[in-house]
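Novice: Chains as they are written, first to last, in our numbering: chain A, 1 to 204; chain B, 1001 to 1305.
These are calculated hints, taken from the structure and not from any lab test. These numbers were taken from a predicted model, which means no experiment stands behind them. Glycine included, each C-beta is placed from N, C-alpha and C at the ideal position. Among the hints, a few may not be true.
Unchecked claim - Partial list, derived from the structure: chain B residues whose beta carbon lies under 10 angstroms from chain A:
{"#": "1", "residue": "L1016"}
{"#": "2", "residue": "Y1017"}
{"#": "3", "residue": "G1111"}
{"#": "4", "residue": "D1114"}
{"#": "5", "residue": "G1183"}
{"#": "6", "residue": "S1245"}
What the hints assert, rightly or not - Calculated cross-link-like contacts (lysine-lysine; reagent style DSS-like; alpha-carbon spacing at most 27 angstroms):
{"#": "7", "chain 1": "B", "residue 1": "K1075", "chain 2": "A", "residue 2": "K84"}
{"#": "8", "chain 1": "B", "residue 1": "K1051", "chain 2": "A", "residue 2": "K157"}
{"#": "9", "chain 1": "A", "residue 1": "K148", "chain 2": "B", "residue 2": "K1052"}
{"#": "10", "chain 1": "B", "residue 1": "K1135", "chain 2": "A", "residue 2": "K86"}
{"#": "11", "chain 1": "B", "residue 1": "K1063", "chain 2": "A", "residue 2": "K84"}
{"#": "12", "chain 1": "B", "residue 1": "K1006", "chain 2": "A", "residue 2": "K86"}
{"#": "13", "chain 1": "A", "residue 1": "K94", "chain 2": "B", "residue 2": "K1052"}
{"#": "14", "chain 1": "A", "residue 1": "K84", "chain 2": "B", "residue 2": "K1066"}
{"#": "15", "chain 1": "B", "residue 1": "K1247", "chain 2": "A", "residue 2": "K43"}
{"#": "16", "chain 1": "B", "residue 1": "K1247", "chain 2": "A", "residue 2": "K126"}
{"#": "17", "chain 1": "A", "residue 1": "K43", "chain 2": "B", "residue 2": "K1291"}
{"#": "18", "chain 1": "A", "residue 1": "K86", "chain 2": "B", "residue 2": "K1012"}
{"#": "19", "chain 1": "A", "residue 1": "K43", "chain 2": "B", "residue 2": "K1290"}
{"#": "20", "chain 1": "A", "residue 1": "K148", "chain 2": "B", "residue 2": "K1075"}
{"#": "21", "chain 1": "B", "residue 1": "K1135", "chain 2": "A", "residue 2": "K94"}
{"#": "22", "chain 1": "B", "residue 1": "K1249", "chain 2": "B", "residue 2": "K1227"}
{"#": "23", "chain 1": "B", "residue 1": "K1290", "chain 2": "A", "residue 2": "K86"}
{"#": "24", "chain 1": "A", "residue 1": "K84", "chain 2": "B", "residue 2": "K1227"}
{"#": "25", "chain 1": "A", "residue 1": "K148", "chain 2": "B", "residue 2": "K1012"}
{"#": "26", "chain 1": "A", "residue 1": "K157", "chain 2": "B", "residue 2": "K1055"}
{"#": "27", "chain 1": "B", "residue 1": "K1052", "chain 2": "A", "residue 2": "K84"}
{"#": "28", "chain 1": "A", "residue 1": "K148", "chain 2": "B", "residue 2": "K1008"}
{"#": "29", "chain 1": "B", "residue 1": "K1056", "chain 2": "A", "residue 2": "K84"}
{"#": "30", "chain 1": "B", "residue 1": "K1063", "chain 2": "A", "residue 2": "K148"}
{"#": "31", "chain 1": "B", "residue 1": "K1055", "chain 2": "A", "residue 2": "K148"}
{"#": "32", "chain 1": "B", "residue 1": "K1056", "chain 2": "A", "residue 2": "K148"}
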Amino acid sequence: MAVINLKNRQIECKLVFYGPGRSGKTTNLEYIHKAFKKQVIGKMISIDTEGDRTLFFDFLPIGLGKIKGCDVKVQLYTVPGQVKYKATRQLVLKGVDGIVFVADSLAVRREKNMTSLKDLHENLLKMGLSIRKIPLVLQYNKRDLAAKGLPIMPVKKMEHELNRQLQVPSFSASALSGEGVGNTLTAALKLTLQSLQNEFKWAQ
Amino acid sequence: MNLGDKIKNYFKEAELYSEHGLLAEALERYRSVEGLVRSTRGIRNRDGILKKIAKKIETTSQKLQKLDGVQATQKVPEDAQSLMKEMYTFDDPEAKGSSTLGGAVALAKFGQYDEAIEELNRLLEYDKLRLEAAKNILWCWVQQSYSEYAVSLYQKWLKNKLFPPDELESIKSYFNELMDEAGVDHEIDEVESQQTIEPDSEVDDDEILDISAVKFVLPRGPREGEKVELEISFQSGKYIQMMISRKEKELLDSINPGDLLKDIVFYSPVAIFYGEGFVSSKSAISAGPKKGDFSLEIKIIKIVS
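Please take these sequences and the hints and turn them into a complete structure.
Specialist: As structure tokens, this is what we get:
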């Protein structure tokens, strides 16, 4: 849940990068950390993992400066993607204001994307939230792997399978090179701040 | 696509999946390649190729197995622990220490049991938080499969009348549910536990000689049953402290706060004596040249001879 201090004109909200294991959530955060240095307002915490897998979460605090007279700070988190860490994902989701769902474009990861999206839906329900109402953006990551000869799913197919019902903004990306990462983040932040505006009228 | 190209493509895919950490997918592709090569006669150096693929399959399987065995209960650095606590911190102006309770619960949920128990134990001092703190302490022990220890703890609270009857009833009902969920056969009121917790020391501070080292059997973990000898770095009466290097991970995992050490050999410059001790704390050193190493504290509770 965002912390909104209308007296001091400060907002602090939480954006969570969700998605199946190895889809590139941590890589997104690493790129943001590297490319948006001016916005980064604290240390990136990435807990050491076995074989590059996130076991708990990654964390990166960023500041967006003044928006409509409010000082806006955002806490970016990633969840562990592997199925067995469902309980940890529920913990990290607590108090979430917006979500970036990082889907893997590789054809072999098709089912993992769908399972993870279903898991997100269930975890949000447990917290009394709806996947249809929470600010959500989809990212189709690893588009660059097509050039290496790996079979990837066409964006149209991913849209059909993951976004047909949700109808949320979606972006192609290659988090390793940073392509699409900024657009995804910007869209997710816009939606989140709009949603907070509808709820708390902070921009008045 | 001819068969040769198909094999080459599958192999390349397997290598790329492996490179990107998609080990299950890599394994599947290596197996497909193996199947194709095996079913095709006339491939040059067929046996050599099969041998190479078998090696890839073996290595990838081993990596997968290793990853499957990783548990999200490992200790995390202090800054990560602070963040975990922050996520769950709530401040109830009516209840002093409420933010600490939220933080301790968060640590417990993230599997940082030792730190959580340490904080929750402190919260037993606060009237308004005692009940929740107690329930969470029991939860932590049961999660770590120390159900018997949890029973002894509950019995100690019962005996010491730490809680009023209504709170005790609430704890009992919660505890029973917890044990049922864990599938533990239990009688929390009637059975005296074998273990003792936080026992009072029978030893007077003045009676204890200066101790230079101790030897005891590790009570749990990967080195359970093994005897270790540790040098004493600090002593204050019946409390003795030892340093353990962070590199000694197995040793660190084999002893925890709350462990009761039955047969300790105490070495002092003038005598060797035997007794029992209780592990009162294990904490990471946060500053100085030993930063990152651990300090283990044992409370001597009995001298046998």
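Novice: Taking the numbered hints from earlier one at a time, note which ones the structure violates and give those numbers from smallest to largest.
Specialist: 4, 5, 6, 8, 12, 13, 16, 18, 20, 23, 24, 26 and 27
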